[in-house]
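Under our numbering, the sequence shown has 101 at position 101, and the numbering climbs by one with no breaks.
Read the hints as simulated data drawn from the structure, not as lab findings. Predicted, not measured: the structure shown is a model, and the values here were computed from it. Ideal placement from N, C-alpha and C gives every residue a C-beta, glycine not left out. Warning: the hint list may mix true and false statements.
Have a look at the derived ranges for each label pair, beta carbon to beta carbon [what the hints assert, rightly or not]:
1) K72 x M171: 32 to 38 Å
2) H16 x G106: 15 to 21 Å
3) A162 x A127: 19 to 25 Å
4) D57 x E14: 25 to 31 Å
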Amino acid sequence: MGVPYYTEDGRAPETHASDPRSKIILMVGAFYHRPNREGLEWFLRSVWPLVRRACPDAQFRVVGSGLTDAVKAAFGGSNADFAGSVPDIGAEYANCAITVAPILSGAGINVKVFESLVHGRVSVVSAFAHRGYEECLPEGESLLVGRDPAGFAAACAELLGAPERRNEMAMRGRDSALQAFSFERFCGVVDETLSALEEHRP
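Please put together the full structure from these sequences, using the hints given.
Laid out in structure tokens, this is it:
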């Protein structure tokens, strides 16, 4: 039986609008997990050069465990900062302008999309990472979807250059995410699932 994750009432972090001067794009993940590692490498290889061409002062900050020396050596020095594990993830979200979830494979729903919005930051996501969020987080309203390197880069550059829009989208997405993954909805899905199982008992 599968049930949705949820945010307890009153436990969502406090948020504030992103600094309009910030050009930081943040990616958070556990990079020993292959889909995260492959997504990061795809972004660095295929998307990041296009973002820098459109927005030369953009910065890419990568936070999370499992970053390999090979990735750091291959892509270091390109305005990419490989921070690794950090003591305060909230501060990372507070300092960034937007986040990215360039995930191309894997299973389940991408919690990093939800986490970003709960922290008040809009995300540019791959079509794969958008799976499961299509109804509660519509494309163009709560996040942007990049379906190829050029589209992904254009979405990042657009939001970096539009502080008001990215903050409006982030707040709209945060409200939608907290509603869609509330404790009440969690309990409702559990009740519905158990009732359905009870009806089909032999």
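Hints, verified against the model:
A hinted range of 32 to 38 Å holds for the C-beta pair K72 and M171, which are about 34 Å apart. Between H16 and G106 the beta carbon distance is about 31 Å. The supplied range of 15 to 21 Å is therefore violated. Our hint of 19 to 25 Å for A162 and A127 holds, since their Cβ atoms are close to 22 Å apart. Range check, D57 to E14: about 28 Å between beta-carbon atoms, so the 25 to 31 Å window is met.
Checked against the numbered hints given earlier, the structure breaks only hint 2 and satisfies all the rest.
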